[in-house]
Amino acid sequence: MILLSKRRIGWIVIVVVMTIVIAGVRISLIGNGFPPPAMESFIPSDTGSPQQSFAMLSSTLPPSPLKRNRKDWWEPYVDVISVIYQPSNQTKWCEQIATSAHQKKTNNILTGMYLVKMPKTASSTSAAVALQIAESIALRKGLTKPCPTHVRHGSSYKSRQDPSFLWTVVRQPHKRDISEYFHFEISRRGEKYDSKDLIRHLEEKKNNQFKYISQGMESYPLLVNTSQSTNKQLHALERLSSVFQTYDFIAVTERMEESLVVMKLLHQFPDESIVVLNSKTSGGFDDGKYKQTCYKIQKSYTTEEVDHYIAKDYQKDNLDFLLYTVANRSLDKTIEFLGQERVKKEVTRHRKLHQLAEDLCLKKAVYPCTKHGKPNRKSAQSCYFGDVGCGHKCVMDVIRNATKDETNV
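Numbering (our numbering), first residue to last: 1 to 409.
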């Protein structure tokens, strides 16, 4: 019995020592700003070399402990999580053809192009781009109908199957949330502006973009309170890394021209696929679908109380700022990879093509609401659906003809 007790004591000592050693290593890693070794997200390096693990890349960071109460605690990790979007001329996602110009539901076709259509991020414009890409690629491949394209709001992308092309658009967090407030509460419901209501809306919308585009990637909990544990911060970094490894491209609303040009260059999309007419403008009308009524789009604004909240409390525990920053850095890295001068010239060229399309097609395009705010059923012949891609047939024909002779561009 005495011998057995000694063995038990010996095993207990070994377990205690190993626990202390493992805990010490983990504390050391976190104390130096490193994520735990279990994190194995893979990210392209700045030079486009073979992918390395999240933990390996983070070890190149200077010692910078995670600061729990700082709104910008994640800054040292932006370069680590950001990626260089990889070029590819593969269009395997267009192996099947759609049953219509766009997929109202996923139906039985789960492959194809998926736009994760985040509201108030120029989503109507990006939906038109996705549908025009589908038409252009199908035409190039000699198909009789467009490639399958999923462009509705929601989370249908969770059910996607390979081959697929997954992309989305993100926007400056407070601009997106304020735009949403004005669109639904002021423009559509006719409510009066109230700074307290807007602040309440902003508070509710924290992490909204991050959650919307990462559904199905919830291996770890969202950051809720940074004072609870740095582990939640590390899990948030892991989840965001998964986002940038999963998506083929993430555009930025405030840099839409650059974003579309970069995506075109990476995947060799035709010029006519990324030139679209604007769907909505301040002072114009929406798509007329809500209560079958055309609502005038009211211009967004803020007051001092709201500005103060945005500058402080709104940014705390709001991972949308991390997402937006990483998206911008990834776009910067990819532009550097493609060549800044090359991208700059292509943006200039894109603007000329867009102006040409506006000059020749804007008056021909029919929108769901007239300039007097009356519903217009004839828009169904001009738009894909709603106010998405209105005038697209004219635009695509004009750009195709213009690019046949590059001297016109």
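Rather than coming from a laboratory, the hints here were simulated on the basis of the structure. For glycine and all other residues, C-beta sits at the position ideal for the given N, C-alpha and C. Be careful, since some hints might not be right.
Said to hold, decoys possible - Subject to a maximum C-alpha distance of 25 Å in a straight line, what follows is the list of computed DSS-like cross-link-like pairs (lysine-lysine):
#, residue 1, residue 2
1, 404, 393
2, 374, 291
3, 158, 92
4, 344, 192
5, 175, 145
6, 196, 352
7, 71, 211
8, 299, 289
9, 71, 192
10, 158, 71
11, 196, 175
12, 141, 316
13, 296, 345
14, 145, 291
15, 344, 363
16, 291, 312
17, 289, 120
18, 175, 92
19, 363, 352
20, 120, 264
21, 192, 264
22, 141, 205
To be verified - Distance windows between CB atoms, simulated:
#, residue 1, residue 2, range
23, 307, 184, 34 to 44 Å
24, 403, 200, 31 to 41 Å
25, 342, 293, 22 to 32 Å
26, 278, 184, 41 to 51 Å
27, 192, 86, 20 to 30 Å
28, 79, 316, 19 to 29 Å
Consistency of the hints with the structure:
1. 404 / 393: Given that 25 Å is the threshold and the Cα spacing comes to 17 Å, the pair holds.
2. 374 / 291: The given pair, whose Cα atoms are some 13 Å apart, holds under the 25 Å limit.
3. 158 / 92: Distance of about 19 Å is within 25 Å: holds.
4. 344 / 192: 43 Å, violated
5. 175 / 145: Roughly 37 Å between the alpha carbons, so the hint for residue 175 and residue 145 is violated.
6. 196 / 352: 44 Å, violated
7. 71 / 211: It holds: about 18 Å lies between the C-alpha atoms, which stays within 25 Å.
8. 299 / 289: Holds, because 20 Å separates the two Cα atoms, which is no more than 25 Å.
9. 71 / 192: 31 Å, violated
10. 158 / 71: Measuring from Cα to Cα gives roughly 30 Å; hence the hint is violated.
11. 196 / 175: 17 Å, holds
12. 141 / 316: 49 Å, violated
13. 296 / 345: Measuring from Cα to Cα gives roughly 37 Å; hence the hint is violated.
14. 145 / 291: 32 Å, violated
15. 344 / 363: The given pair, whose Cα atoms are some 29 Å apart, is violated under the 25 Å limit.
16. 291 / 312: 38 Å, violated
17. 289 / 120: 16 Å, holds
18. 175 / 92: Measuring from Cα to Cα gives roughly 36 Å; hence the hint is violated.
19. 363 / 352: 18 Å, holds
20. 120 / 264: Status holds; Cα separation ~23 Å.
21. 192 / 264: 42 Å, violated
22. 141 / 205: 42 Å, violated
23. 307 / 184: 34 to 44 Å: At 21 Å between Cβs, range violated.
24. 403 / 200: 31 to 41 Å: 49 Å, violated
25. 342 / 293: 22 to 32 Å: Once the Cβ atoms are compared, 46 Å apart, the range 22 to 32 Å for residue 293 and residue 342 is violated.
26. 278 / 184: 41 to 51 Å: Taking Cβ atoms as reference, residue 278 and residue 184 lie about 20 Å apart, which means the hint is violated.
27. 192 / 86: 20 to 30 Å: 49 Å, violated
28. 79 / 316: 19 to 29 Å: Taking Cβ atoms as reference, residue 79 and residue 316 lie about 23 Å apart, which means the hint holds.
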